[in-house]
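Given the structure of chain A, go ahead and fit chain B onto it with the hints provided.
Sequences listed follow chains A and B, in order.
Residue numbering for the first sequence follows our numbering, starting at 171 and increasing by one per position.
Residue numbering for the second sequence follows our numbering, starting at 5 and increasing by one per position.
Please keep in mind that the hints were generated in silico from the structure rather than gathered at the bench.
Being a predicted model, the structure only gives us computed values, none of them experimental.
In this text, a Cβ means the ideal position worked out from N, Cα and C, and glycines have one as well.
There are no misleading hints in this set.
Beta-carbon label-pair distances, calculated as ranges:
#: 1; chain 1: B; residue 1: Leu67; chain 2: A; residue 2: Gly584; range: 48 to 56 Å
#: 2; chain 1: A; residue 1: Phe323; chain 2: B; residue 2: His32; range: 50 to 58 Å
#: 3; chain 1: A; residue 1: Gly227; chain 2: B; residue 2: Phe98; range: 49 to 57 Å
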Amino acid sequence: MATKSPIDDPRIDPRTGEYEVIAPGHTFRSVTQKIAGLVLTGNTPLGWFGGLTVAGGVATLLVVAMTWLFLKGVGIWGVTIPGAWGFAIINFVWWIGIGHAGTLISAILLLFKQTWRNSINRFAEAMTIFAVVCAGMFPLIHLGRPWLGYWLFPYPSTMNVWPQFRSPLAWDVFAVSTYATISVVFWYIGMVPDFGTLRDRAVMPFAKYIYGLFSMGWRGSTRHWVRYESASLLLAGLATPLVLSVHTVISFDFAVAAMAGWHTTIFPPYFVAGAIYSGFAMVLTLAIPIRKFYHLEDLITLRHLDNMAKVMLATGCIVGYGYCMEIFMSWYSASHWEFFMMWNRMFGPMGWAYWTLILTNLAIPLTTLWSRKLRVNVVYLFVLSLLVNTGMWLERFVIVVTSLYREYLPSSWGTYRATRWDYMTFIGTWGLFTFLFLLFVRLLPMIPISEIRMMLPQSKIRPGGADAETVVEETL
Amino acid sequence: MTPREGIYGLLAEFSTPGELVRATEQAHQAGFRRMECYTPYPVEEAAVALRFHKTSVPLVCLLGGVMGMLTAFLMETWITVWSYPMNIAGRPLFSWPAFIVPAYEWTILFAGLSAAFGMLALNGLPQLYHPLFNAPNFRDGASTDKFFLCLEATDPRFSILETRAFLEKFAPVSVVEVEL
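Just chain A, with the same shape it has in the complex (with noise of 0.2 Å):
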């Protein structure tokens, strides 16, 4: 590191110069009861009453959007000819681009045997699931006849008719269905040892009758630990190239069609690079309020927001590479169209669009977060995490839209302005997603215990068998 820290920060740990994974001092009964205490407690934080209602609140701007959809159908929305995508597709594009973060942590980081991300990845896959069913609604409200969705699948209909396998949109569906599944399952799996502490600290009757039930038996047997392991790492295997396959799938929605803007082969990692950076934004814009309202600082701790700030430096250079290289690919295709549609995005009508998003992702990030400084402070980087999100948002609001209101016949130029419904369907995700979000932080486990006790010194034993105390005594 570039910038040294006062040696006598005792968060340091003096060998690396890097802050603590966990802060030093902790047993395994104590962060088994601060992280089920936060749960099985009966005392519920009053301002987390506050959240679920505002959150509901605005959730319930959703229940009415959609009510007036099914009502009136899609054309309450922004969407016409030439512009027949609009915020639908933009939003359910930046939903699930949020998601993958929380799969990049669960799955890849583990695999990359990163344990720091132990603290973070039970609420970094929760909003992964959240954030699917927020994406996963936008198409389906998106077909104009929503009640006939499951046409979608393929299944024996009486009318003998089937799924279209090579087009992109039939893709989707089995991308973002296999996605939303997997999630859930490793999701589910994480939790079964931790609902066996809930079950076995719980003091109510009710709450003790629920978590058994999900625990399902779970008792800690060495052998079914050697299981769980090799299913847990089977998962995210299977996830990893999982994750990177869907937004592969989303990208191609686009590069599919031959229209000037989409037709790229840089589509798909470019696609998946941004997904991550968001998704690590808004990895950030959760954690930080969390660990400061639960005082949760010990586990999530500097280092994990130092690194996540990394993450986000590194994913947002890629994301970078990609804006440079749409602009450079415009240029050498020769192509008049592809050359139109880049000024258009810059120079044109909604150009503003395009800049704020150059200064959110680009301008703003990429010059500050090598600053160690900046990315261990809380603030700056909660500001910056909103930025980012607002940045990557107007990226696909920039890429749907651009290309498809000015596109090949000037004949048929229009514009593409959002309704109210639009953006109270769009908000009202929001609500959505905080107000699931607020339930899972009282209901579950939000840290895997588990695999907090597994960080902590007294896990290890030396080879040999000696005892365990002698090497407590050592790093403590």
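Chain B only, in chain A's frame:
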């Protein structure tokens, strides 16, 4: 249902994983086979002491993956070539490169579900009743901070008095009888 008689085994409680592993290793060397460790997090050394390293979870996962791939690919082929042939932009009916994407997704879907549910099935979970939960100290410790070794009564070497004396040698926090 036959009435439950006798005991399930003797349960020794330890405070550190090191003590547990030493006791398990010694018990194995003394000839005990029907035994199991219970820990609040995976302790690899305990699995080594129990001589348990091979699981069939990866095999179940592989079979699931192969099944998913074949299911998706054959279904797509049957649908587009025989059941519902359509001319899409002049492409051949058997346009297999386009079929790869759903086949890839279902490989992962089936493999993941097989790994997860296969693991549960091999573990015998969900399980509504297990005698160990009758031990008074098990629920407080096993899922929090204590390490348990259970020598089961079905082992031919098991005898309440001698086995208890054997376990007491490792200075456990306690040794309790687990009722069936």
